[in-house]
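Engineer: Each chain is listed here by its residues.
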Amino acid sequence: MGNRVVDSMVGRVRGIPSWQVTLGLALLGLGFLIAAQLASERPRIRYTTQERAPLIEIAVDLQEQQATLSARVLELREAIQGLEQAGQGTSVEIGQLNRQLEEARLAAGLIPLRGTGLVFQLEDSVQEPGDDEALSDYLVSARDLRTMVEELWLAGAEAIAINGERVTPTTAIIDIGGVILANSAYLAPPYQVTAIGPDDLYDRLTASAGFADFVRARQDDYGIRIGYAEPEEVDVPAFAGTVTLRYARPLPADTARAGPSPEP
Amino acid sequence: MRRTRNQLTIAAVAFILGLMVVVQLRVQASGSGLGSMSSQDLTVFVANLNTGLAQRRQEIASLERDLRDLQSDRDRGVVSLDQARAELARIRAYAGLDPVTGPGVTVSIDGAIDGPGVENVINELRNAGAEAIAVEGVRVVVGTIVTGGPGGLSVDGAALAVPFEVSAIGASETLTGSLTRIGGIVAQIGATYPGVTLTVTPVERLELPATSRALVPSHGRPRL
Chain A
226 MGNRVVDSMV GRVRGIPSWQ VTLGLALLGL GFLIAAQLAS ERPRIRYTTQ ERAPLIEIAV
286 DLQEQQATLS ARVLELREAI QGLEQAGQGT SVEIGQLNRQ LEEARLAAGL IPLRGTGLVF
346 QLEDSVQEPG DDEALSDYLV SARDLRTMVE ELWLAGAEAI AINGERVTPT TAIIDIGGVI
406 LANSAYLAPP YQVTAIGPDD LYDRLTASAG FADFVRARQD DYGIRIGYAE PEEVDVPAFA
466 GTVTLRYARP LPADTARAGP SPEP
Chain B
2 MRRTRNQLTI AAVAFILGLM VVVQLRVQAS GSGLGSMSSQ DLTVFVANLN TGLAQRRQEI
62 ASLERDLRDL QSDRDRGVVS LDQARAELAR IRAYAGLDPV TGPGVTVSID GAIDGPGVEN
122 VINELRNAGA EAIAVEGVRV VVGTIVTGGP GGLSVDGAAL AVPFEVSAIG ASETLTGSLT
182 RIGGIVAQIG ATYPGVTLTV TPVERLELPA TSRALVPSHG RPRL
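In order, the protein sequence lines correspond to chains A and B.
So for the first sequence, the numbering used here puts the first residue at 226; every next one is plus one.
So for the second sequence, the numbering used here puts the first residue at 2; every next one is plus one.
In case anyone wonders, no lab produced these hints; they're calculated from the structure.
Glycine residues also receive a C-beta, built at the ideal position from the N, C-alpha and C atoms.
A hint or two may mislead.
Quick list of simulated restraints, FRET-style, between CB atoms [stated by the list, open to error]: (1) E300(A) with T193(B): 41 to 51 Å; (2) Q310(A) with R77(B): 15 to 25 Å; (3) T193(B) with A434(A): 13 to 23 Å; (4) L18(B) with P242(A): 14 to 24 Å; (5) A15(B) with E282(A): 22 to 32 Å; (6) V440(A) with A62(B): 39 to 49 Å; (7) Q189(B) with P354(A): 15 to 25 Å; (8) Q8(B) with E300(A): 50 to 60 Å; (9) A413(A) with A48(B): 13 to 23 Å; (10) E282(A) with F16(B): 19 to 29 Å; (11) S316(A) with S73(B): 43 to 53 Å; (12) A215(B) with A278(A): 43 to 53 Å; (13) P279(A) with G78(B): 51 to 61 Å; (14) A15(B) with V440(A): 45 to 55 Å.
Kindly produce the complete structure, drawing on both the sequences and the hints.
Structural biologist: Written out as structure tokens, the structure is:
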């Protein structure tokens, strides 16, 4: 009885024309691709792709240009520093000026640093939001990265970078429709916050009530994955953006105070 | 006849399959985030990238000029102190090591706001292009954080009582427009912190002090 069923099935398979097998396989592949497409977009809202395709293309292209220009900025700064140092030794004044330049560049984040520190990694939650919950609460937000950075500064960090973007006095960390930008550069998940600081940076950080609140609110309540590593040394890259101010002018020291100045 | 129809079906499926493969690869290549953004968000994103690019191009032009000057000095066997001094002033102003002056806005904040709320305002000012920021006379540099709960705010260790002012140097119109737009930070803070008011005033000329923080790292060292 069982054998007869198998025999008849084998017979049927042999009877199927080859084009049907091809079509079947193609449809199977199509199904996989549709599933992959949907899965790759699962966490965020889906939109029709038509008008977005050229915009995505532009964005990808601009990102590449930005990386090229950033590399060029760093290369030029290095060449300038090299030439300045080559001129050293010709006079005491130049030596002094070069030391001041080095200090200012260190303070402005223009020099890559290596030292003791921590690396934190933040990843979207894998939990499913409840019916009346917002999906966005389960994703890492710019707010989360800012909290992480603020807590690290308060714990005594002296240099911080997020996914290779150095945090400087002009660094804004913002959300645009579910993606995060820092220094107007796109940050691809997972988000890594690297900080250089004292040996006890981790102890100081975890002793902070603000950091404990953050972990409770984001990891415990929403499943945002927060991990950390404490390698022997961490690297923080240099800032590749502009340090040229267009509206602010340096003032001679001692004369400045905050607030509007009296009319002349 | 039947055979032709079969071939057409296969051709159609193969075509769709090919299309899907390409779309899928593109989405994967563009990073997980972009594929899911709306057109409107993508437009804002592209505008942001363009701003960043324009700034980098400007910086490159200025650095190339400096490099050329330095090279020609070296070739002539002279060292120009003026250029190094100008460079020093530029970097010190950026880092917050020197006081600065310029047009901008003051944001007067009153009510039961907490540290993260104020940091939110500062982040928005930076996003709108602020070049230098101070909170009630304390220059905001790397590591300067407004912290604490309502009534117990502090900045760089100094107590901060409401009402207080956040001053920012930059294009006053852009800063004002960006903060006060519909759904902007003024509206957001108003919605999140009941009773808190933010008053944005364009100012022709502000003076912001230098930081008193030591900004040269002691745990990190330059990496070559």
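Engineer: If a hint holds in the structure, say so; if it doesn't, say that too.
Structural biologist: So, going through the hints one by one against the coordinates:
1. Judged by the Cβ atoms, the range 41 to 51 Å given for E300(A) and T193(B) holds: they are separated by roughly 43 Å.
2. For Q310(A) and R77(B), the Cβ-Cβ distance of about 18 Å falls inside the hinted range of 15 to 25 Å, so the restraint holds.
3. The supplied range of 13 to 23 Å is met by T193(B) and A434(A), whose beta-carbon atoms lie about 20 Å from each other.
4. Checked against the given bound of 14 to 24 Å, the beta carbons of L18(B) and P242(A), roughly 20 Å apart, stay inside it.
5. Separated by about 25 Å at the C-beta atoms, A15(B) and E282(A) satisfy the suggested range of 22 to 32 Å.
6. Checked against the hint of 39 to 49 Å, the pair V440(A) and A62(B) passes, with Cβ atoms roughly 45 Å apart.
7. At roughly 22 Å, the beta carbons of Q189(B) and P354(A) sit within the given window of 15 to 25 Å.
8. Hint check: Q8(B) to E300(A), Cβ distance near 56 Å, so the stated range 50 to 60 Å holds.
9. For A413(A) and A48(B), the Cβ-Cβ distance of about 19 Å falls inside the hinted range of 13 to 23 Å, so the restraint holds.
10. Distance hint for E282(A) and F16(B): a CB-CB separation of about 21 Å, consistent with the stated range 19 to 29 Å.
11. In this structure the supplied range 43 to 53 Å is violated for S316(A) paired with S73(B), their Cβ-Cβ distance being about 19 Å.
12. A hinted range of 43 to 53 Å for the beta carbons of A215(B) and A278(A) is consistent with their spacing of about 51 Å.
13. Under the hint 51 to 61 Å, the C-beta atoms of P279(A) and G78(B), about 54 Å apart, fit the expected range.
14. Distance hint for A15(B) and V440(A): a CB-CB separation of about 51 Å, consistent with the stated range 45 to 55 Å.
The structure is inconsistent with hint 11 alone, although it conforms to all the rest.
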